[in-house]
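Residue numbers (numbering that gives the first Met the number 0), protein chains in the order written: chain P, 0 to 409; chain Z, 0 to 297.
Honestly, the hints are just simulated from the structure, not real lab data.
Treat the numbers as computed from the prediction; the structure is a model and nothing was measured.
There may be inaccurate statements among the hints.
FRET-style restraints, in silico, Cβ to Cβ [unchecked claim]: (1) Pro365/P <-> Ser25/Z: 55 to 65 Å; (2) Gln33/Z <-> Glu319/P: 35 to 45 Å; (3) Gln33/Z <-> Gly70/P: 34 to 44 Å; (4) Asn333/P <-> Lys297/Z: 48 to 58 Å; (5) His137/Z <-> Ala269/P: 53 to 63 Å; (6) Thr56/Z <-> Ala177/P: 55 to 65 Å; (7) Thr56/Z <-> Leu389/P: 49 to 59 Å; (8) Gln33/Z <-> Pro365/P: 46 to 56 Å; (9) Val104/P <-> Ser25/Z: 53 to 63 Å; (10) Tyr182/P <-> Lys297/Z: 23 to 33 Å; (11) Glu27/P <-> Gln33/Z: 34 to 44 Å.
We treat Cβ as the ideally placed atom computed from N, Cα and C, and that holds for glycine.
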Amino acid sequence: MGDYLAAHFKCQSTIFAPMNIHEYQAKELFDRFQVPSPKGKVAGTPKEAYDAATWLGVKNFVVKAQVHAGGRGKGVFKNGFKGGVHLVDSADSARDIASKMLGEVLVTKQTGDEGRLVRKVMVAESVSISKELYLAILMDRESCQPVIVVSTEGGMDIEEVAEKTPEKILREYVNPLAGLQAYQVRKLCENLGLQTTARQFGRLLHSLYKLFIDCDCSMVEINPVVITTEDHVYALDAKFNFDDNALYRHPEISAMRDKEEEDPREVAAAEYDLNYIGLDGNIACLVNGAGLAMATMDIIKHYGGDPANFLDVGGGASKEQVTAAFKIILGDPNVKGILINIFGGIMDCNIIAEGVIAAAKETGLPIPLVVRLEGNNVELGKATLAASGLNIVSADTMADAAQKIVAAVA
Amino acid sequence: MSILIDENTKVLIQGITGAFGARHASLSLAYGTQVVAGVTPGKGGQKFENVVPIFDTVGHAVQETGATASAIFVPPAFAADAILEAADAGVELIVCITEGIPVMDMMRVKAMLVGSKSRLIGPNCPGLVTPGRGEKSHGGCRIGIAPGYIHKRGNVGVVSRSGTLTYEAVWQLTQLGYGQSTCVGIGGDPINGTNHRDVLEMFNNDPETEAIIMIGEIGGNAEADAARWAQKHCKKPIAGFIAGATAPPGRRMGHAGAIVGGEEDTAEAKKRILTECGIAVAETPSEMATTLLTRWGK
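Could you put together the complete structure from these sequences and hints?
Pasting the structure below:
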């Protein structure tokens with residue numbers, strides 16, 4: 000995953016966006032860009048799994064649960080069935096395994112206790128592996144270039160490799176204007192000790208680089224790239240992250256978004272152009288601007304409170320947005336109080352105050368609310384809040400606001 | 000003096016006829032900034048608010064008006080092109096306000112600007128203000144979207160990735176009676192034109208700037224890099240603040256650049272590095288100005 004990559008490859012500043020895709024969707028992208036991967040098909044019912052296995056027409060299959068979380072192989076289903084990845088040798092057993100996975104909840108070390116509902120499985124050709132490699136391409140923020148990361152230690156926990164044997168991890172930076180050069184691929188193949196399969200690996204790498212650029216990825220990680228006993232090179236398990244800012248030019252990738260795999264509060268927030276990230280605390284905050292929003296969370300923590308979320312309403316703070324934000328915030332049962340912190344630089348604080356009052360009335364405001372307004376027309380804004388008759392506590396500075404909300408929920 | 004811009008800077012605005020660009024062009028004019036040209040392809044020959052001539056290309060606008068700085072307000076899909084057009088026209092200071100530009104676009108822009116005479120600020124930034132000497136700092140140079148009236152002309156340089164957090168710091172200073180030389184918002188994106196260190200160097204060389212506030216956040220190592228540079232070269236007192244101490248790892252906190260990836264780009268690590276480099280770190284965002292004044296001996 001990106002955070003391991005970032006932490007242990009010293010690419011601290013790696014960029015990766017939240018949008019993930021399923022393995023079978025990654026396979027679709029691989030096919031489109033001619034990145035070789037084992038034949039496979041997605042199935043939503045046991046019958047489809049049976050048909051997929053028949054269609055593959057090989058002896059050995061692998062049936063894999065499709066969820067956005069790693070550690071599937073060692074995962075356990077809530078129905079007691081063990082393993083989200085199974086090797087089978089007939090279409091009948093592919094169907095049986097699929098029936099034990101589909102509609103069931105898989106718990107892995109990355110899903111948390113609540114686990115993830117499996118809606119689809121992938122049935123793929125099982126290949127006999129002679130060698131496993133690690134390959135990733137990511138955006139490196141320091142150099143403002145894509146960097147290719149490879150290792151001979153494929154199939155392992157790559158963070159462990161980076162920790163114990165950092166010399167086994169190689170990086171190659173690519174000039175974004177020139178693109179990946181043939182010599183760079185030769186160099187990587189040599190360092191990976193590839194001989195008979197160098198040409199195939201090179202083709203895979205060129206194709207993957209094209210995919211990375213053309214699809215506006217922020218990270219693509221294949222662990223492992225396998226070399227089969229027949230000397231074929233395949234991308235086996237892939238993780239993708241895409242740049243959210245670029246999704247507008249990739250409708251086919253946007254369509255791969257699986258909202259069922261995302262926090263429903265975040266999905267709802269996105270519909271109102273709110274930037275929301277749910278956390279575990281009990282003080283909700285609503286702030287304009289990302290930096291100020293982070294700083295507001297920090298100051299709540301500083302005064303002994305625990306923020307329930309990050310929420311940036313952007314440059315403005317319209318009545319509709321504030322109302323939507325209130326609903327999302329109040330939908331979180333942990334929330335015991337709300338802090339609004341708006342620096343109305345250009346916006347009129349009185350208009351913001353009116354929006355807050357309207358939202359509070361519409362949602363009923365069952366919990367304490369502290370509002371800190373600053374900026375343009377702030378005196379009138381505060382007066383409007385005070386005259387509203389609602390239980391709104393006004394604050395002057397961020398410190399004042401944080402102390403008041405922490406006291407209110409204590 | 001000030002850095003990058005002053006009251007005589009001639010500014011052009013790319014995207015002056017869009018709602019966002021028009022609004023802030025008006026506010027800059029009202030602030031007393033010399034907005035001398037607008038650029039909107041296809042609208043050349045018209046005038047903005049009956050005063051500011053609009054051109055089809057940046058090249059023509061520069062030729063006719065002598066503008067040396069540009070503010071870019073065009074939508075994300077066209078922003079990379081707008082930056083490169085401004086650079087091609089020889090604009091010295093390009094300030095890209097646009098939020099949401101694809102990283103791949105900025106990666107190419109960054110590579111293409113190597114060796115260019117233009118300096119890029121942003122993207123995804125509030126822009127710059129060199130406050131004026133009039134009432135509520137009127138008469139200054141405002142490029143971007145910051146509220147002008149919160150400023151006051153003075154001797155503190157402010158550099159930050161975030162918009163509203165910059166306003167917070169500026170307002171704290173102004174209320175305490177301390178003005179600013181120039182305030183620079185470098186933007187919240189992972190790939191930007193100018194970083195903290197570049198701005199610190201300029202403040203260090205600016206005789207009017209006597210003290211500096213540097214505001215950073217989680218993600219990347221720009222703040223640490225700037226702090227290490229300052230330890231060796233900067234003669235002026237600096238206060239710092241890093242936002243995002245409570246941000247969970249691996250989540251993008253609004254700004255595309257604000258993600259805790261590794262151990263070194265957490266708020267804790269950055270604060271530690273800043274402190275080690277002799278920068279006074281504000282414990283909370285409410286204390287950015289007071290932390291500076293203490294360090295400055297005021």
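Okay, the hints, checked on the actual structure:
no. : hint                              : verdict
1   : Pro365/P <-> Ser25/Z: 55 to 65 Å  : 42 Å, violated
2   : Gln33/Z <-> Glu319/P: 35 to 45 Å  : 37 Å, holds
3   : Gln33/Z <-> Gly70/P: 34 to 44 Å   : 60 Å, violated
4   : Asn333/P <-> Lys297/Z: 48 to 58 Å : 43 Å, violated
5   : His137/Z <-> Ala269/P: 53 to 63 Å : 40 Å, violated
6   : Thr56/Z <-> Ala177/P: 55 to 65 Å  : 29 Å, violated
7   : Thr56/Z <-> Leu389/P: 49 to 59 Å  : 53 Å, holds
8   : Gln33/Z <-> Pro365/P: 46 to 56 Å  : 52 Å, holds
9   : Val104/P <-> Ser25/Z: 53 to 63 Å  : 56 Å, holds
10  : Tyr182/P <-> Lys297/Z: 23 to 33 Å : 58 Å, violated
11  : Glu27/P <-> Gln33/Z: 34 to 44 Å   : 54 Å, violated
In the structure shown, a violation is registered for the earlier hints numbered 1, 3, 4, 5, 6, 10, 11, in ascending order.
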